[in-house]
Amino acid sequence: MASQDLTVFVNGKAVEFKTARPQVLTGRTLVPLRGIFESIGAYVEYDEANHTIKATKNNEDVELRLGARIARKNGAEIMLDIKPQVYAGTTMVPLRFIAEALGAKVEFDKANNRINITTSE
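Take the sequence shown: its position 118, counting from 1, is numbered 118 in this note's numbering, and each next residue is one higher.
Among the clues, some could well be false.
As the list claims (entries may be wrong) - Okay, derived cross-link-like pairs now, PhoX-like style, lysine-lysine, Cα gap no bigger than 25 angstroms in a straight line: (1) Lys105 - Lys73; (2) Lys110 - Lys73; (3) Lys54 - Lys18; (4) Lys73 - Lys57; (5) Lys57 - Lys83; (6) Lys110 - Lys13; (7) Lys54 - Lys110.
It is worth saying that the hints were derived from the structure and are not from the lab.
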């Protein structure tokens, strides 16, 4: 994975990722699971035995599985551009899918290498 010095902001506040930095792989941004979910106000569960990630926010449910390109939003299957995966011991998930599936808006400010996420709350 390529690390570009990306900064992620949620509602104007910089997100501090404690375990790993956002990574870009084949043009897609992956971010640490817990950091992104918590920053957008979602409840997150990780089932280690099944490698399944579940997140809930405002009656929106998202489920992903490590290494799988199929995710679920409120039970409906959605094909991901990139699989959730482990990088440097941290579970990394596709940023745009996660944010938008939970009702947030995502914009990339290329000039400043900044990702802006706006939530409804």
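Each hint, compared with the structure:
In summary, the hint linking lysine 105 to lysine 73 is supported, as the alpha carbons are separated by about 16 angstroms, within the 25 angstroms threshold. With a C-alpha separation of about 29 angstroms, the suggested pairing of lysine 110 with lysine 73 is violated against the 25 angstroms cut-off. Only pairs whose Cα atoms come within 25 angstroms are accepted, and lysine 54 paired with lysine 18 is accepted, the gap being roughly 20 angstroms. Between the alpha carbons of lysine 73 and lysine 57 the distance comes to roughly 11 angstroms, so the proposed pair stays at or under 25 angstroms and holds.
A threshold of 25 angstroms between alpha carbons decides the hint, and for lysine 57 with lysine 83 the separation of about 21 angstroms falls inside it, so the pair holds. The straight-line distance between the Cα atoms of lysine 110 and lysine 13 is roughly 18 angstroms, inside the 25 angstroms bound, and the hint therefore holds. Taking the CA atoms of lysine 54 and lysine 110, the gap is about 30 angstroms. The hint is violated against a cut of 25 angstroms.
Violated hints for the displayed structure, listed by number in ascending order: 2, 7.
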